[in-house]
Amino acid sequence: MTLPPYADLLGATLDHDADGAPVLLMPFGDHVVGRPGFLHGGAIAGLLELAALAALHHALGKESVGIKPVTVTTDFQRGGRAVPTRAAATVTRLGTRVANVEAIAWQDDRTRPIATARLNCLLERG
Amino acid sequence: MDAFDPARFAKRLGWGHGGRLGIAYHDHGADWVELALPFSPDQVGDPARGVLASGPIVTLMDMATSLAIWQRRGMFLPHATLDLRVDYLRAATPGRTVIGRGTCTRLARRVAFVRGEAHDGDPADPVAHVAGTFMLMDTAQGAAA
Numbered sequence: 001m002t003l004p005p006y007a008d009l010l011g012a013t014l015d016h017d018a019d020g021a022p023v024l025l026m027p028f029g030d031h032v033v034g035r036p037g038f039l040h041g042g043a044i045a046g047l048l049e050l051a052a053l054a055a056l057h058h059a060l061g062k063e064s065v066g067i068k069p070v071t072v073t074t075d076f077q078r079g080g081r082a083v084p085t086r087a088a089a090t091v092t093r094l095g096t097r098v099a100n101v102e103a104i105a106w107q108d109d110r111t112r113p114i115a116t117a118r119l120n121c122l123l124e125r126g
Numbered sequence: 001m002d003a004f005d006p007a008r009f010a011k012r013l014g015w016g017h018g019g020r021l022g023i024a025y026h027d028h029g030a031d032w033v034e035l036a037l038p039f040s041p042d043q044v045g046d047p048a049r050g051v052l053a054s055g056p057i058v059t060l061m062d063m064a065t066s067l068a069i070w071q072r073r074g075m076f077l078p079h080a081t082l083d084l085r086v087d088y089l090r091a092a093t094p095g096r097t098v099i100g101r102g103t104c105t106r107l108a109r110r111v112a113f114v115r116g117e118a119h120d121g122d123p124a125d126p127v128a129h130v131a132g133t134f135m136l137m138d139t140a141q142g143a144a145a
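Those protein sequences? They're chains A and B, same order as listed. Number 116 in my numbering belongs to position 116 of the first sequence; there are no gaps in the numbering. Number 77 in my numbering belongs to position 77 of the second sequence; there are no gaps in the numbering.
For the record, the hints were derived by calculation from the structure and aren't laboratory data. Beta carbons are placed, not taken as given, at the ideal position from N, Cα and C, and that holds for glycine. One or more hints might be untrue.
Unchecked claim - Facing chain B, a subset of chain A residues (Cβ under 7 Å, in silico):
{"id": "1", "residue": "H31"}
{"id": "2", "residue": "V32"}
{"id": "3", "residue": "F38"}
{"id": "4", "residue": "G41"}
{"id": "5", "residue": "G42"}
{"id": "6", "residue": "T71"}
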């Protein structure tokens with residue numbers, strides 16, 4: 001998957017875990033700050049969306065499919081501190097027309113997420 | 001304490017992530033605040049369609065609803081977004097500024113409830129609806145959460 005321009009704005013890059021599943025990495029910086037010293041919730045939500053799209057592309061393989069997020073619900077669990085943030089997602093259902101995706105963002109410890117998101121996306125199969 | 005002034009407060013938005021996206025004050029009322037997100041090619045999330053990524057819209061609406069709470073409370077007090085849902089009704093037209101209006105619909109003791117709409121020129125033809133909640137951190141219970 002080629003990340004969109006918005007990923008460059010965030011400073012996010014695409015990596016993979018031991019199983020080959022996509023993981024997004026976003027270093028901390030002034031351009032993603034909300035209240036002083038903490039990540040902006042919108043930047044975290046943006047990273048979660050990128051992780052969800054990366055997981056969908058990974059699940060779809062080589063098939064050419066347009067993806068349109070219809071609803072995005074973000075839950076914020078902890079303040080995002082001034083350290084790198086990672087995000088990954090699981091495709092909970094891949095249908096013909098709709099995909100349901102759950103994304104998670106964490107910093108030091110994947111079992112202590114700073115935010116999670118659910119995305120319901122329309123699929124347009126070419 | 002001076003009454004909360006969204007226009008003056010929003011001038012402080014020129015830094016951080018909101019500043020990076022170019023988000024600026026647009027208008028306000030008794031319980032609502034509007035912010036503007038100018039179009040920029042580096043905010044595109046779907047290059048094939050030239051459509052904005054979700055993140056800048058979430059950022060815009062998180063800030064507009066946040067300001068609406070301070071506007072309704074009449075002062076700046078700490079709070080934290082608990083959740084925010086964004087429904088994308090249609091794609092924003094590439095090149096257009098998106099206006100986001102946040103409204104505080106209810107202020108409870110520990111939680112503020114917000115709604116919002118975003119449009120790209122015609123408020124009657126919105127691009128997104130949002131609904132969210134914020135934890136109020138200035139009360140003893142809120143601070144302990």
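Checked hints:
no. : hint : verdict
1   : H31  : holds (4 Å)
2   : V32  : holds (5 Å)
3   : F38  : violated (9 Å)
4   : G41  : holds (5 Å)
5   : G42  : holds (3 Å)
6   : T71  : holds (5 Å)
In summary, the structure is inconsistent with hint 3 from the numbered list given earlier, while agreeing with all the others.
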